[in-house]
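*Asks:* Letter by letter, the chains look like this.
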Amino acid sequence: MVESSSKKMVKTGMLVLAYILLAAVVLCMLVPYIWMLSSSLKLNKDVFTFPMQWIPQQPRWENYVDIWTKIPLGTFIYNTAKLSVIVTVLQLLTSSFAAYAFSKLQFKGKNILFLGYIATIAIPWQAYMVPQFIMMRSLGLNNTHMAIILLQAFSAFGVFLMRQFYQGIPNELCEAARIDGLSEYGIWGKIMLPLSKPALSTLTIFTFVTTWNDFLGPMIYLTKTELKTIQIGLRMFISQYSAEYGLIMAASVISIIPVLIVFLLLQKYFVQGVASSGIKG
Amino acid sequence: MQNEIRIGTDQVHKAGKSRTLKDHLIAYSFIAPNFIGFALFTLVPMIFAFVLAFVKWDGANPMEFTGLHNFIRLAQDTTFHKALWNTVVYTIGVVPLTMACALGLAILLNQKVFGRNTMRTIFFFPYVASLVAVAAVWNFIFSPTMGPVNNILHAITGVPLEELPRWAADKDWAMFTVVLFTVWKNMGYYMVIYLAGLQGVNPELYEAAELDGANAWKRFRNVTIPQLAPTTFFVLMILVINSFKVYDIFINLFAGADNQLNDATRVLVYQIYNTAFRSLDYGYASAMAIVLFLLVLGVTIVQFRGEKKYGQ
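Line by line, the protein sequences are chains A and B. Heads up: the first sequence begins at 1 in this note's numbering, then just goes up one per residue. Heads up: the second sequence begins at 282 in this note's numbering, then just goes up one per residue.
Please keep in mind that the hints were generated in silico from the structure rather than gathered at the bench. Treat each hint with caution, since some may be false.
To be verified - Stretch-level coverage of chain B by chain A, calculated; a stretch enters the list once three of its residues show a Cβ under 8 angstroms from a Cβ in chain A:
(1) 305 to 316
(2) 360 to 372
(3) 450 to 461
(4) 520 to 527
(5) 569 to 582
Stated by the list, open to error - Okay, derived cross-link-like pairs now, SDA-like style, lysine to any residue, Cα gap no bigger than 20 angstroms in a straight line:
(6) A/K8 / B/Q392
(7) A/K8 / B/A489
(8) B/K526 / B/K589
(9) A/K268 / B/N391
(10) A/K110 / B/K499
(11) B/K499 / B/I522
(12) B/K393 / A/A18
(13) B/K589 / A/L115
(14) B/K303 / A/K11
(15) A/K8 / B/A495
(16) A/K108 / B/D304
(17) A/K8 / B/V394
(18) A/K11 / B/L578
(19) A/K110 / B/L302
(20) A/K268 / B/L479
(21) A/K110 / B/D304
(22) B/K589 / A/A119
(23) A/K7 / B/F501
(24) A/K224 / B/F558
(25) B/K393 / B/Q480
Heads up, the beta-carbon is just placed ideally off N, CA and C, and yes, glycines get one too.
Could you build all of it, start to finish, from the sequences and the hints given here?
*Replies:* The structure is reproduced here in structure tokens:
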């Protein structure tokens, strides 16, 4: 009896400790965002007052109005949204299409081709970004959105992810559909696509967020202001107006909101995708 | 007809050449959209990268084959060595700290604690949040004289502001700052991988250990750690590879409007970028890229062997 009650106390103590630790980490994770939000509603001279004023006495909403005219924020967001959507759609279509063949069809060179895909996943993009740029430039694609689309839309990762999922769908399902007279394209569209919603969602959020947040790609290819994405546009603004603290924070908040929305809506698939990447290796 | 032909691969072969040809064409038509884009914009540049490493080229004048000259230059280039060294130091700083934090948080969240899912979201979010934005906040918060961090330190310790660390602006503290930032930004991602690993541990193992009188530490040491070995291994490999490839974090924490890094903060990919796009020394930049490729390849080979060992 004594032992079990002391054990209970230890357990309660551990739980309390766990809560204290977690609360501390939650605070560390959240403070930068709260600081960002709070500063975005302040005058430059009030951003760094100490002790810190968490809730501005007179919130300066004008920051959120001024930022749109100070830099072409609307253009940046439009460019980023356009690129993210096009890349994601192309990625989903071509990846699931190719993955269907790799998983459910027989053809010559299948294993070699798939091995090639896998091998290139391991090669870092940074190792071939220079020749890729030279090639794109010689095609006249420097300073075009097309360059970003072409380099992001056909990743081996997407094919791999979709194929892994299709492998889990029984072949009998496809056989039955073939007997019913469906073409391979029909099986892909009417059976595989609807069944692979979880994998498609994972790929969607991964691709969308990666494209939205991409930094080095747009930095290499998009040097004209009117073509810039939100990341490099924001970076340009921060380096040009480094003392406009309030405006920088307002622009930062705006740049985070779309990802926050997508993340909150689809985070289940994101977490599943990350988790399964760890399990399958 | 269709019943006979389409039941298995064996039957397809029996059905004659034309059938197979058509099946092949259909299969290739599925692969083609992705493969053509992939081959043109990934495979071709990859091969091109190896060629470039052995030439001298500025993009305008004719290419000049120089053999191993670029690599000999690399061996003598102290700036490059500094970049390589900084990348290694960064990796050594980021990897163990991220793993420890990610595992610790995963274990805490794997208990029946209140608000689990909300906390998981909060810990994970920095990983997807825009780097430029969060780096800007960090630079403000860690600003040497104005920032709240140093002002709080000043208020607590009484040390004058001028004597406190200047964080990103200080060559001795820069690496520490960027490691801290990277851990803060990415640990949630690895935590989710660890959480999945923890959920795969058979609870009976813990029950058995408890019956044998193992305390919490012993259960962690003798059940959790060995059971998580494959996950830990995977996390380690991904972390090392990602640390080798770092660029954007350094630019956003340290560089001014000119996007230049100094000797204390230059990293491998920065060196590749600058050599190619500022000095227009494409051949030399590609030789550096080969070094990056070989580093990552080395890790990948270790990973391959390890995965066989862990039977994944």
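*Asks:* To test your reading of the hints: which numbers does this structure violate?
*Replies:* 2, 3, 8, 10, 11, 14, 18
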